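*Asks:* Spelled out from the first residue to the last, the chains are:
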Amino acid sequence: MEGVLWYVLTGTRGGSNRARILRALDERPRNANKLAEALDLDYKTVRHHLDVLKENDIVRDTGDDYGAVYLPTDRARQNWETIEEIIRNAL
Amino acid sequence: MASALVDAVRLLTVLNLFVLLGLAAVWGRNWWELRSKHAFGLLLFAVLLIGENALGAYLFLLDPTVSAWIGDPKLVPPPAQYAMAAFRALEFVGLAFLSWVTYD
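So the sequence lines, in the order shown, correspond to chains A and B. So for the first sequence, the numbering used here puts the first residue at 3; every next one is plus one. So for the second sequence, the numbering used here puts the first residue at 152; every next one is plus one.
No lab work stands behind these hints, which were simulated from the structure alone. All of these numbers come straight from a predicted model, not from anything done at the bench. A virtual CB, placed ideally from N, CA and C, is assigned to each residue, including glycine. You can take every hint at face value.
What follows is a list of derived Cβ distance ranges for each label pair:
(1) ARG77/A x GLY173/B: 24 to 34 angstroms
(2) ASP59/A x LEU195/B: 21 to 31 angstroms
(3) GLY69/A x LEU213/B: 51 to 61 angstroms
(4) VAL252/B x ASN91/A: 19 to 29 angstroms
(5) TYR68/A x LEU206/B: 49 to 59 angstroms
Listed next, the stretches of chain A that the computed footprint assigns to chain B, with coverage defined by at least 3 CB atoms under 8 angstroms from CB atoms of chain B:
(6) 8–20
(7) 86–92
Some, not all, of what chain B presents toward chain A, calculated at C-beta under 10 angstroms:
(8) VAL177
(9) SER187
(10) ALA190
(11) THR253
(12) TYR254
(13) ASP255
Chain A with its partners taken away, still in its complex shape:
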């Protein structure tokens, strides 16, 4: 999991925005629309980042419909120290 986090959050083009998304979801789970607003990012960009985070089992959503709320997975929580370390530099 740690390797996945380092790669997804620091090895890819969208890494630092994904780190910001993750921090926002840790503060408070929310849907893609609210995330886009809070982080001043394009809605489609946020959706794409959420898909990548989901594919890597870093976040999960509460349902499949439009308003689905996203939150960090248990696996991500177990490795939160790593995420913190990455986020500290990303902001």
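Please arrange chain B on chain A, whose structure you already have, making use of the hints.
*Replies:* Here is chain B on its own, set in the frame of chain A:
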């Protein structure tokens, strides 16, 4: 045939160089922003391969001695040209896939 293979080597060397410059830009920016040793490792990997392909591009395209030498099938027989083209092609496939996952 021989010269087509040499042209493939030249083309792929230049293509690899551009793909690597794109990757280095992403990893370099991430390293600058995030200061992670992981992003730095990826950047270092790209920089070293940029060196390899830049040197290759210079030697195979510009250097008067080496570029004439690899184009001459009497001096560099086809099996060697096949091998050189295969190395470049394999590298290109690897880098193309890596770009696809990195630009995500």
